[in-house]
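**Q** Sequence:
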Amino acid sequence: MKRLKAAFTNKEGQALSAKLELPANGQPHNYAVFAHCFTCSKNLNAIRNVVNNMTEAGFGVLSFDFTGLGDSQGDFADTNFSSNVD
Numbered sequence: 002m003k004r005l006k007a008a009f010t011n012k013e014g015q016a017l018s019a020k021l022e023l024p025a026n027g028q029p030h031n032y033a034v035f036a037h038c039f040t041c042s043k044n045l046n047a048i049r050n051v052v053n054n055m056t057e058a059g060f061g062v063l064s065f066d067f068t069g070l071g072d073s074q075g076d077f078a079d080t081n082f083s084s085n086v087d
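Start counting at 1 in the sequence shown, then tack on 1, and there's your number in the numbering used here.
Simulated from the structure, these hints should not be mistaken for laboratory data.
From a predicted model like this one, the values you see are computed outputs, not experimental measurements.
One or more of the hints may lead you astray.
[As the list claims (entries may be wrong)] Quick list of the computed label-pair ranges, beta carbon to beta carbon:
no., residue 1, residue 2, range
1, 13, 57, 34 to 44 angstroms
2, 54, 5, 17 to 27 angstroms
3, 14, 57, 33 to 43 angstroms
4, 12, 59, 25 to 35 angstroms
5, 12, 57, 29 to 39 angstroms
6, 47, 7, 31 to 41 angstroms
7, 36, 14, 17 to 27 angstroms
8, 58, 5, 12 to 22 angstroms
9, 7, 28, 17 to 27 angstroms
10, 30, 74, 28 to 38 angstroms
11, 51, 72, 10 to 20 angstroms
12, 45, 74, 29 to 39 angstroms
Glycine is no exception: its CB is placed at the ideal position from the N, C-alpha and C atoms.
Start from the sequences, fold in the hints, and give me the full structure.
**A** Shown next as structure tokens:
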């Protein structure tokens with residue numbers, strides 16, 4: 002599996018930490034975006050297991066931390082489901 006660190010900004014201009022994981026051959030047949038549970042981060046063991054299985058099946062997977070969680074900027078206390086969708 003190949004792993005690339007990435008980041009993008011949310012509507013408020015805060016950096017959201019992300020990673021793109023690719024199959025070992027670097028050529029996914031499709032891509033998926035993995036949005037973790039509301040209070041988790043992209044580094045949770047269960048998420049890593051799902052992503053590993055998906056990359057072994059040939060998918061490229063982008064996973065990221067929502068605002069204020071994991072390695073992303075912002076304060077989680079200022080978020081809700083709707084603001085995370087924005």
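**Q** Output the indices of the hints that this structure fails to meet, ascending.
**A** 6 and 12
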